[in-house]
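Asks: Everything in the sequence shown is counted per the numbering used here, starting at 5 for the first residue and increasing by one.
Derived by calculation from the structure, the hints in this document are not laboratory data.
Note that beta-carbon positions come from the ideal geometry of N, C-alpha and C, so glycine has one too.
None of the hints are false.
Derived DMTMM-like pairs: lysine to aspartate or glutamate, alpha-carbon spacing no greater than 25 Å straight-line:
(1) LYS94 / ASP130
(2) LYS94 / GLU117
(3) LYS94 / GLU125
(4) LYS237 / GLU223
(5) LYS237 / GLU18
(6) LYS94 / GLU223
Pair ranges (Cβ atoms, derived):
(7) ARG120 / ARG222: 14 to 24 Å
(8) GLU55 / GLY247: 38 to 48 Å
(9) ALA52 / VAL30: 26 to 36 Å
(10) PRO46 / THR253: 30 to 40 Å
(11) ILE209 / VAL238: 15 to 25 Å
(12) ASP234 / THR13: 27 to 37 Å
(13) LEU240 / GLU135: 45 to 55 Å
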Amino acid sequence: MGETAWFDTSRTAEFVTALVFGILVVWFVTHARRGRSFFIRPIPGLEAIDEAVGRATEMGRPILYCPGLDSMDEVATVASMNILGQVAKKVAEYETPIMVPNRDPIVMTVAQEVVRDAFTEAGRPDLYRSEDIYYSTYSQFGYAANVCGTMIRERPATNLYFGRFYAESLVLAETGNMTGAIQIAGTDADAQLPFFITACDYTLIGEELYAGSVYLSREPLLLGTLRAQDVAKVVLLVILVVGSLLSITGIWDVRSVLPE
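The whole structure should be built from the sequences, with the hints applied where relevant.
Replies: Right, here's the structure in full:
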């Protein structure tokens, strides 16, 4: 019976990548805890949320927030709840009504707690109304019809769509566009991005949705982690370009360090 190696040399590339990323995360988080500020690339859709909430306040009309159609075990819905917490805090500060229709009853319960906590943190628990965060229906297009009806009846000044959406995305975005509301969307569903980009004023694409709560809250610890991810992407891009050039010119075959 042969001896078992304690380290698989064919996985050296993965080990080095994980080690470098871990060092970056620890370094940036440590500096964030010490109060150092980091530059985070601007995301126009998130920067426009303040303007969108302010616009609704000036017009005396509510804000509509759609958390997507998936359940709470999906990462897009979790990201949406994090963004909802930051939006609800701004809404409480401006004393603006917010409506959150939900397709999933568990998501509705979580959304109610998130909004309640945000209003309490903003010092305005008296403004919280549980009936504004309500269950609509589990039917996909029944939900879309309910939300569209709310848009037409209530005329919200701002529509926010953050989460996982499906074929109803175009119906929601077009109806909101027709009512003249400012619309900001964010989803990790690639197939729905063209519809949101076309009908909404701002669209968060893919991982920008996940970074939304970090960007809005400006929590130092989370900012450090986000900064580490951005730097890691730059490092990987540089390695990719340099490795490609070395392979093309025949100086060094980068495939020699990659697993078969």
